[in-house]
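In the order they appear, the protein sequences are chains P and A.
According to this note's numbering, the first sequence is numbered sequentially starting from 1.
According to this note's numbering, the second sequence is numbered sequentially starting from 669.
Keep in mind that the hints were calculated from the coordinates and are not lab data.
Treat each hint with caution, since some may be false.
Okay, derived cross-link-like pairs now, DSS-like style, lysine-lysine, Cα gap no bigger than 30 Å in a straight line [said to hold, decoys possible]:
no.	chain 1	residue 1	chain 2	residue 2
1	A	Lys1116	P	Lys127
2	P	Lys73	A	Lys1116
3	A	Lys1168	P	Lys131
4	P	Lys73	A	Lys1078
5	A	Lys1078	P	Lys128
6	A	Lys1168	A	Lys1231
7	P	Lys128	A	Lys1231
8	A	Lys741	P	Lys73
9	A	Lys796	A	Lys741
10	P	Lys131	A	Lys796
11	A	Lys1018	A	Lys983
12	P	Lys131	A	Lys795
Protein chains: 2
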Amino acid sequence: MAVPEKPESKCDVLIVGAGPAGLMMAAWMARCGINARIVDKRSTKIFSGQADGLQMRSLEIFDSFGFADRAWKEANHMIEICMWNPGEDGTIRRSDRIPDVPIGLSRFTQIVLHQGRIERFFLDHIKKYSKDSLHVERGVLPESLDIAADLCDNHSPDSYPITVKLRHLTEEEATPAQSNGSTVSDGLFRSNLADDDTDDLIAKSREKQGSTEIVKAKYMVGCDGAHSWTRRQLGFKLEGEPTDFIWGVLADVIPITDFPDIRMRCAVHSASSGSLMVIPRENKLVRLYIQLTEIKPDASGRADRSQITPETIIKAAQKIIAPYNLTYEYCDWWTAYQIGQRVGTNFDYKQRVFLAGDAVHTHSPKAGQGMNVSMQDAFNLGWKLGLVVKGIANPSILKTYQSERRRVAKDLIDFDHKFSRLFSGRPAKDVLDETGVSMADFKEAFLKGGLFASGLSVDYGASMLVAKPGDAAEQGDGTDVASSSKTRVIGKQHLASNIKLGMRFPSFKVLNQSDARPWHFQERLKSDGRFRLILFAGNVLSPAQKSRLDAFCARLAASPRLKPLLYTHIDVLTCHSAPRTQTELLRDFPEVLHPFSARTGWDYDSVFADDESYHEGYGDAYRNYGVDRESGCVVVTRPDQYVGFVGELDGEEGWSGVEAYFGGVLVG
Amino acid sequence: MAVPEKPESKCDVLIVGAGPAGLMMAAWMARCGINARIVDKRSTKIFSGQADGLQMRSLEIFDSFGFADRAWKEANHMIEICMWNPGEDGTIRRSDRIPDVPIGLSRFTQIVLHQGRIERFFLDHIKKYSKDSLHVERGVLPESLDIAADLCDNHSPDSYPITVKLRHLTEEEATPAQSNGSTVSDGLFRSNLADDDTDDLIAKSREKQGSTEIVKAKYMVGCDGAHSWTRRQLGFKLEGEPTDFIWGVLADVIPITDFPDIRMRCAVHSASSGSLMVIPRENKLVRLYIQLTEIKPDASGRADRSQITPETIIKAAQKIIAPYNLTYEYCDWWTAYQIGQRVGTNFDYKQRVFLAGDAVHTHSPKAGQGMNVSMQDAFNLGWKLGLVVKGIANPSILKTYQSERRRVAKDLIDFDHKFSRLFSGRPAKDVLDETGVSMADFKEAFLKGGLFASGLSVDYGASMLVAKPGDAAEQGDGTDVASSSKTRVIGKQHLASNIKLGMRFPSFKVLNQSDARPWHFQERLKSDGRFRLILFAGNVLSPAQKSRLDAFCARLAASPRLKPLLYTHIDVLTCHSAPRTQTELLRDFPEVLHPFSARTGWDYDSVFADDESYHEGYGDAYRNYGVDRESGCVVVTRPDQYVGFVGELDGEEGWSGVEAYFGGVLVG
């Protein structure tokens, strides 16, 4: 008997896939208070994760949600990279040590943690901020997608252009079979060597006449992986080619070895047996990426999966790492993959259906980028969708998702292409060995690649969200994202030379004016969906500067456009450069910078001083931000901490820049 | 009908009272795997906490259990103390700012957090480490205590000298009535102005013939507060006198005020209206301690409680803080207390029944010491009881509880006596005003008191647990705690001039040899019940020093006495002074320092280098610890991080000192 269909329902945003990208999107939905749903075809059984490196920028983002500390505490911290190459006798030896990440960029370093834990942090966060109303619906997948193209440009609150039929699987259907019968989990079913099982799952469930439902949505986000069902429905492609490099992964083992650097991140190039990468993890575990030089793709370009077992992988590793011994008693999980670098042609359909994460970029896992870039896709998109759904932001900002993130994806593929080739290539015997990889080049690539891999070099191009000069299409992926307001706003970069337009707001320590507590300034830029107007108030003890500050604040407090948005949608933060102990919150700072509430008194958490702390040194923020201590400036950051505008605090021009910036972004 | 008695049962340790001292004791029981019970007469309803300041040492202790980060994240951080005194015109003005805690002593500073949260961290910890077998039994209190004195010296595993009858209250009986009918919680029932209700609770429950049970225990710990039922059964007294200073507490309010330092810790002395202390808390709350100069004790020495209301308290505050305005819209809780300073005559009965916390010391709350010293009592006792119950440590170590902690309690009362008098006294009008308090003296007391108040100046006297010279009775509270071994061991303080015998092991950053990660060395001294043998291995690249290290390690690995205890009861940590990148774990360090396991390989977490980190500076540990970089030394720390022994790494003497130290402490 057919199970009756559930009644049709509506939601603002439907998220497909509950991996890191989908969960990041759901986190934003929870923070912005959006009526969203998130579905995943897999059952509740969580398998060992593929991804597990967390780059510095991801940790900054986690911190903006409030759970970086959980990851930081549980994770293994990677501090140093050791490079092992053949010496003159052909035997591997440690040739170099370099810091795992560039020094001084962030308050975080790179860490490694089980993906299951990261998903747990997101799930806890989503539960807390959605007040338990948003949770992952597992064993649920879409089987049809209809988009009313004519409704896509209609942004009235009752326009739902998207119709999706969702199928609810049984627990058994949603649990993937594993290819081996051993107690060690085999991840091949998730590897890019495996076929996608979505269509199978749908077909089998149909036979059993499982339950379905119809959902109408305003927006949809496909975070459904490299085989993205959503992408296929839209007819979009991934562009790029597979390589014939095949790698095995022992993920994760407790190694028994006399190799000295087993607790370091290592790149080991053997003379002729391929390469190996060591990623030390928490709880004595180590992840080993091992090049499988003896397994070649067949005529179809695909590796023969039956040849790949934990035994073949560890044997390959032993050859590479000889003369050191390497075995293991415990293996948590293993898999294999074939490197392929591809970027999606389109990241959205009419700014109604979006694709994020592996659905629009695939590449090798060894640089630890996959999960990070995927989460950052959703981190870029989530607040934009949230503000548009709430009717606060102009829907045109949604175009910047593709222009900003497709550009990042392309840069990532370029990076990975270079990096993988160096990694998978045979080391050059000498300078004349032109088909080999120069180990000097390899080290150089690591050093140069560190900034890219940190996630901190992302530099979004000009758009209505980033008031910088230059060609918007050229700086992005070609999408037209020029400002929609009549007069284009251009920020004045020289006023804050290290607060780069388009890049994330960097962090230095400042002191709370009211209680002297030191904070990393970035800690005050929480992911709560608010833009931030940051006043570098300069030397407020100078009467001239004080009157400039007063004038700016008077304009702000009287602005018919911005006043109604203050604190709810535009947070106001102040950092001044006068000595903390010579300044007083109530005497020296206009009320708009620390508003009074009859119920809770003055706001004591929004004004900061660039001054020395008792216990944590001196952040020297003005110097580090490149802002003039006397005259200051004003900065606008987006809800994702990226810098949108920089202007003068002084005079009409800076103020009108602020107003015009928000005019191009917000409705009204 | 009488409820039938439960069957008689046994436990190793019975803890009475589940405040901070009782919970700390239970945490140790969970960590040591002891069969313990913890009962509290109150129901599950947790009222607003009285205590809430956490000093630096308490945070170090929390960190040793693994939950300091939770407190650190949620708490308000107190950074600066502002002093307000009458100026020449009699109006208060800010006269001084000083750091809230001395600089450079600890990686923590003082924080303030709701006691309920602190109890939550303990409860979670106890649940986790006891595998859910130890939990607070609420609404349960002892009504009779019998001690078989002749069994007290019998330490056989089946000797249970203590018999307690426990009474189980109903939920209603266990919930204290509050004195007012308002929605604001009134803490007077917990104040020292209130009578104890234990006898009432027992009598009422008896009328109803509530259920009881008989428990036989090896040890009992009374953490049952200032009115301690346990102390009364033992016939022990608190010695000392009440004063006639009466203080009200608004705990906690969200103040509406133009007083500039409401987010600082403030001491405000008005010219003639008394004093006020401001303690800023988390979530915009502020705790105000307000001297009630108009309320005097009656003939019995007790204040008239009926005169004390939130209205009288805020009015008193307004007089003190004038000309500033002070009101509040929200008040969480309020109470009042009369300062009294008392110390228990005895901290234990035959080392079988112990008293901890308020049961043996009461004093004013304003220096933020109460909860801290109480927890530290139990932190001192818990591991000793744990190791004795498990048959590892000699029962004679239990004598050190009184000698160590009663001495601390006496020092605390002396401190509080001086501090309260300065705080409650009228400020001197000028240098000739001899009955007034000199504000210069007051500031001086704060500066000098900071070290004491931090909890880091605690210096335990000589005993079998602290191998230091001098008179054991004189250095403690008079109890005889000289070493029980034939030859008394005396450590050599000059070998580690800043690792003071009897004080807590200080913390500087060192690098893990195997993965280059920086750690505060103290972070590796977890509260897991283990002693630690810390080898400052010196310059292991010097052949002479290497051979000294090898010789010491050979003795250790061959010691019939210590070898069986290694890793399970004596953890081994190493810190060397050679460059990290020139040393190799497997090549340069004997196996006993990083033991091999067939299942998990080498231990990579026990050898550290005193070297520069990439991102967190240089700990300069040898210099800061006062240890010679070339020749090093050996240190023994107790399970509570206090330093027990310091000796040479070189030669027979240092080794035999280590053996003799453990010989005086451990069974066998």
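Now the hints, each set against the structure:
1. Between lysine 1116 (chain A) and lysine 127 (chain P) the alpha-carbon distance is near 48 Å, which puts this suggested pair outside the 30 Å criterion.
2. A threshold of 30 Å between alpha carbons decides the hint, and for lysine 73 (chain P) with lysine 1116 (chain A) the separation of about 35 Å lies outside it, so the pair is violated.
3. Proposed proximity of lysine 1168 (chain A) and lysine 131 (chain P) is contradicted: the alpha carbons are some 51 Å apart, above 30 Å.
4. Taking the CA atoms of lysine 73 (chain P) and lysine 1078 (chain A), the gap is near 38 Å; set against the 30 Å cutoff, the hint is violated.
5. Taking the CA atoms of lysine 1078 (chain A) and lysine 128 (chain P), the gap is near 46 Å; set against the 30 Å cutoff, the hint is violated.
6. This hinted pair checks out: lysine 1168 (chain A) and lysine 1231 (chain A) have alpha carbons roughly 26 Å apart, not beyond 30 Å.
7. Between the alpha carbons of lysine 128 (chain P) and lysine 1231 (chain A) the distance comes to roughly 50 Å, so the proposed pair goes past 30 Å and is violated.
8. For the suggested pair lysine 741 (chain A) and lysine 73 (chain P), the alpha carbons sit about 13 Å apart, so the restraint of at most 30 Å is met.
9. For the given pair, lysine 796 (chain A) sits about 21 Å from lysine 741 (chain A) by alpha-carbon distance, which is consistent with the 30 Å threshold.
10. For the proposed pair lysine 131 (chain P) and lysine 796 (chain A), the alpha carbon gap of about 26 Å is at most 30 Å, so the pair holds.
11. Restraint check for lysine 1018 (chain A) and lysine 983 (chain A): the C-alpha separation of about 50 Å exceeds 30 Å, so the hint is violated.
12. Annotation: proposed proximity of lysine 131 (chain P) to lysine 795 (chain A) holds, straight-line Cα distance about 26 Å (limit 30 Å).
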